[in-house]
Structures are given as structure tokens and as C-alpha cells.
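Enquirer: Under this note's numbering, the first residue of the sequence shown carries the number 1, and numbering increases by one thereafter.
One should not assume that every hint holds.
[Unchecked claim] 20 Å max Cα-Cα, derived PhoX-like pairs, lysine-lysine:
{"#": "1", "residue 1": "K200", "residue 2": "K264"}
{"#": "2", "residue 1": "K165", "residue 2": "K152"}
{"#": "3", "residue 1": "K264", "residue 2": "K142"}
{"#": "4", "residue 1": "K213", "residue 2": "K165"}
{"#": "5", "residue 1": "K181", "residue 2": "K220"}
{"#": "6", "residue 1": "K162", "residue 2": "K152"}
Calculated directly from the structure, the hints in this document are not laboratory data.
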Amino acid sequence: MRLKIEISPDQAGLRLDQAVADANSQLSRSRAASLISQGLILVNDRCKRAGYRVKPTDLIEGDIPSPDQRDQAALLPESLPLNVIYEDDYLLMVDKPAGLVVHPGAGNAAGTLVNRLIAHHPVFSEPGWDSTRPGIVHRLDKDTSGLMVIAKTTNSLEFLQKEFKQRRVEKHYLALVRGKKILDSGVIERAIGRHPHDRKRMAVLEDTGRYAKTRFSVVKRFCAGALMDVRLYTGRTHQIRVHFYDQGMPLFGDCIYQERRYRKKDPMAPRQMLHSWSLSFRHPYSGVRLHFEAPMPEDFKILLQHLSDQTE
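Throw the hints in and build the complete structure from the sequences for me.
Expert: As C-alpha cells, this is what we get:
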């Protein structure tokens, strides 16, 4: 469903999520806020926060998955492998494989992590959740592998989302990057926003983007690049990929944030080589700090060995 709203003078000052919900009876304010945060609803072709106060002549546009599509996808359990690292009554830790979409959406009505969660435990089919993302605290890109924490109660979800928002969760990734002159370590603090000419991409936008911070350190060097340990302090869409591309060290296998000559499928790097390997956070019930790690996936090991051989 295509959404198009032209803000009138009497609507000026409304929150963006409220203006969207008022214009479409099928959308709750929370659902509108979720779509806005995903970049599916834009204001004058730019991403805004749900709390943005709309102005006269603002043009709000977006593509909204139909309720029937969302409900059907959310209610369909799929008994496929789910790599559970840890589970208790309040949360679930999974190691997501590359290629798996996190939740149903446009173009992905089924075959997602959410469909596997519903088959794994009946709690994810209970009322009270967002129908398309029960228990989902945070996301990983489809082709990014590794750790995700899933809430098993709505109280846990609220607590964990707040921990992420307040930057109390320590997130580390492994990244295989291309480049010759890579610093041993560094911090990248550059604002990120929706690309001004391609709404499917993100870009460094110092004037209109949102603050983003990434710390990196080299674990191992190769003649063609390096293996990085990356810590995220913020969680912007495609943050590591955008920051590293901006700094001249794009990820192997990334066909979007890459020099044009490398924007093609590489059998040695079948996807962007990014893996969420470490998560540390407070337990939503006990408050005890937990730490989890996910082993390096096989495609990482294969490319790592290939790059190592090139240095010999």
C-alpha cells in the first residue's frame, strides 16, 4: 500500500507518527513509529524520527505492507533450524545465519527468523506483541550473521530495547575489509542518514544524518585488507558498512557500499563479511550482566584462509 500525505496548516506541530496514524485508520501510532524507524516512511524524501514535528507543505510518503500480508506472515510457524545459544524464561540468544531475514515485511512474507521463533516457542504467538516482530529487540541485516537477543516477555522487550537505546549494550562484530592503508585502530564519528538519491541506501550526511559512532581495531592484516574487531556504540541502519566504505575500507562481499569494480558477486565472499560475534548486556530480570559469543561462521573461515594464503 502506498502512503502519501501532504501536511495542511492545521496539522502543523503534530508528531510524525501521529500524523501518519491519523491519515491511515489501519495503522496504530506504534506501528507508524516502527515503519518510520525502518525508513519506510519519509518526509520530503528524507528520514525523520517518529517524534519529528510536521510542518505545512511537508510531503510524507512510504510503502506500507498490507495488514493481511503482515498478519499471515506473523502467524505462520516454520519448523526450521534455530541455533539457540542460551534460553531462559525471559530471553533467548540465537546465532542468526547469513541470508536469513529477521522479520516479515515487503517482499519477505515468510521464511524469516520470526517464523522460526513462533515454531520454537508458543509465547511468540501470544497477544500483546507487534504481529510482525514478536520478541525482536534489535535487527541484523539479512546477510549479516551472528548474535541476536530475543525477548520472551513484553517486559523483557521494553527493558532490553531501553538498554540498547541508552547504549548500555556492548556489541562487537568481526569484519573482513578491503584496503591497503588501514589504521591499527580508530573511532569513526560521522552522522548517517538516508541517501539523498537512493532511498534503499544509507550515506554519511553530516548536516542531516543521525549521530553514529563506530570503534575498530585490526586483529590480523593481509595484503588485500584486514580482519577487524568492531564495536558499535550506536545502531544506525547499515552503520558499519557505511562508515567503513566512507573511510576507504569497504567490506568484502558488499555489493552496495563498494567501489564500482567490486560491486559484483564474489564466490570467495558470497555476502558482506560481517558477523555479530559478541554481546554483553544486563539480564532483564536479575540485572546480572551476561556475555555471549558466537563462533566465526564457515564462510568467514574460508575467506580468512584465502586472504592469509595471499600474504605468503
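Enquirer: Between K162 and K152, does the CA-CA distance stay at or below 20 Å?
Expert: 15 Å, holds
Enquirer: Regarding the pair K165 and K152, is the alpha-carbon distance no greater than 20 Å?
Expert: The hint holds at about 19 Å.
Enquirer: Regarding the pair K264 and K142, is the alpha-carbon distance no greater than 20 Å?
Expert: 18 Å, holds
Enquirer: Could you grab the alpha-carbon distance between K200 and K264 and see if it respects the 20 Å cut-off?
Expert: 18 Å, holds
Enquirer: Given the hinted pair K213 and K165, is their Cα-Cα distance within 20 Å?
Expert: 13 Å, holds
Enquirer: Need the status of pair K181, K220: alpha-carbon distance at most 20 Å?
Expert: Satisfied, since the Cα-Cα distance of roughly 14 Å is no more than 20 Å.
Comparing the model with each numbered hint stated earlier shows that all of them hold.
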